[in-house]
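Undergrad: Keeping the supplied structure of chain R fixed, place chain G upon it in accordance with the hints.
Protein chains in written order, with my numbering: chain R, 1 to 583; chain G, 1 to 179.
These are calculated hints, taken from the structure and not from any lab test.
Incorrect hints may have been included.
Claimed, not checked - Restraint ranges, calculated between C-beta atoms of paired labels, are given here:
1. R:565 x G:64: 41 to 51 Å
2. R:389 x G:20: 37 to 47 Å
3. R:531 x G:155: 31 to 41 Å
4. R:416 x G:164: 44 to 54 Å
5. G:74 x R:8: 22 to 32 Å
Said to hold, decoys possible - Away from chain R, derived, C-beta distances all over 12 Å, residues of chain G:
6. 31
7. 32
8. 95
We treat Cβ as the ideally placed atom computed from N, Cα and C, and that holds for glycine.
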Amino acid sequence: MMRVVALPKAIMAGLAGAAVMEVYSLIGSKVGLSSIDFVRQLSASAFVNSPVLANAIAIAVHLSIGVCWAVFYAFFFWGRLRVRPVVQGLIFAIIPASLAIVVVYPELALMRHQVDLVQLDIPSYFAALSLSTIVSLLVGHALFGATVGAIYRKPVGYAADDQPSKPAARQPKHYRSKRADGRTGFMFATGIECSYPTIDGGRWRRDEMDSTGHYKLWQHDFELAREIGITHIRYGPPLHLIFRGPGQYEWDYCDPQMEGLRDYGPEPIVDLCHFGVPSWLGNFQNSDIATALAEYAGAFAERYPWVRFYTPCNEMYVCARMSALDGIWNEQLRDEGAYARAAWNLANASILMSDEILKRRPDAIFINSESSEFYQPCCPDPHVQEAARAANERRFLPLDLIYAHKLSDPMHKLLVDQGIAQDDIDRLAARAVPRRSILGVDYYEWNERLIDRNCKPLALGELFGWYVIADQYYRRYQRTMMHTETNKMDADGAPRWLWRQWHNVQLLRRAGVPLVGFTWYSLTDQIDWSLAMSEALGIVYPVGLFDLNREARTVGLAYKHLIDLYRDQPDFSDCRALKEVMG
Amino acid sequence: MATFLSAHGYDPGPTQRPLIAGAIAGILATAPAVPILIWFRSLKVEAQILNLSTLLTLAIGWVAMAFAGAIYSRVFGRAANNVHGGWLFGMAFGFALWAAGAVLVLPIVSHGRAPAGPAALGVAASLLVWGLATGILLPFVHHPLHENLKKASRDAQVGPGAAAGKQQHVRDLRQRSNG
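With the rest of the complex left out, here is chain R:
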């Protein structure tokens, strides 16, 4: 599956396109233009003794053909060209128009013969085609294409104030193995991709759980995770759908899934805020999000008291950068100060959320996942060196805040310049970080970047590798660690990447770093991550252990192989570092 297709939209586009084409034919024939009426052509081919039936069937066939072409457009064509949707539709129309001219129209002429068998040669086959017929076919199909292009757009996501259908009800299935509470083995994890930022100035909501079909297939997804041998699953209930306002919660959006996880696992690592906030909270520039999200975290911990692992705010640095520095999500700003405000608000939210959870579950474990990044200057040019230094300091800001690490002078100044009170900065710096905090370090092949001569970052690929980059984070924060995300967009190369990441994990463990888990992210393919979800195109990003049909990818088999190989090894069946955190 290459695209996520919004079938209702495609069907509507196809019906409308065929109808417009038919109206054009009718108007054309009324005003004396030579126009091809496919309904008339079709009705003249069969059931000629029953005109009503022939017309009805011909209309149905023509509309169906319109729908087929529109769905074909949605699967293969939509979003491939960087032009307006109407123009995409127009260009696409060349395909059905060509087939109509070369195959369908001459065949329709053949079908109107009174005999069952004819002797054909090329001139007789194309005899029915004249220049005016060809022009008419081209115009009709152009109208069809433009209509389909105009109607079929944004196949994924929904208007920010809308709500998708609620998750499927839990089917009564009983599995042999129940979820094991208090398991201290190494965490072999995956995740359900759950990002929900807004784009288009906050008007359009991306919702990866909706786009990947998880709301419908959640029970099957958990079954697949268990089949692979996954022990822990990073799971982010849709904050924007559940938290409807102060004191208002729609738990229906996660009750069935949470019950499934509670009973049969895998053990969830609950991700409370993943790149977005509910529309009523605006965006990450709003300083009220910290207290609001703290209220939500408290309510969540109260409703699901059995949950022990939490990620209060996922990848705060990435969230702040994409929202306030790169101008892609949520507030869509491109400003260093806005980045600092977003990072501050996210860090504050993370801290207050942790506090609220700890009030309900004093032994809660926090896995603070962050993207591990590194910027390498390309040359000794002072501007390049300075740009790399600034980028390297910026990446640490949210973690410095939540782990009470001393801020670098430029980052400290940046916060003060944004009006953050010195007392508040001091309060965070003096805070006792919860003992059960695990530093989650995510790593992808674009995380190492070269600052080029124009001070622009270029993806370096795996230059130093996760071992080196993660070690930088360990040295800075001295926390128990977990590899919390990795994947690769290459179905064939993914097993290689998986095993190489795994060897990095082992080497870091052997070097004495307390490492408690590894994560292939995510269970299924994702949508539009090749363009950071900046546009609602519905392109499948094939990084999952399973594709969106829930068919295993090679990396799914490789991960199962890996888990089966290591799960029962003494170092992994009983993970000392995890035991220490849990104790």
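TA: Frame of chain R, contents of chain G only:
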């Protein structure tokens, strides 16, 4: 389209058995297509064109559609297993078979003799119905034929050696650099 399919897993999944699943789906999908061929007299006309008996034409056609189903399943790979989109891929393939086979190849091999009238309509309709049925049936036929995940995951190709990717053993590389 080929590159696009390729980037997203053009190849069938590692646990899939596309050829056998496609052949079975192709055989099953021929069942609803045959009455259309008979109703429109297309079968008789095709037998006449091929100089064969109706029964033999039907038998050959059924075998051909098994092959066509296998080709469809192999060519469309993972996409053919999509419950929502399979019908469309199947119909597109049926249309291609009609355009390539019935409209182009059949007249060429039969020295220009081609079905016309209702018989021509029947050929087109039967192939579209066959494609639709194949597309719809394939995911359901394929599902029980999948190789077990546990067994498939034991394959050495997805084991620790995958870390080296398709690189050769160090000795091979050394020999090559020396050579």
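Undergrad: If any of the earlier hints don't hold here, list their numbers in rising order.
TA: 2 and 8
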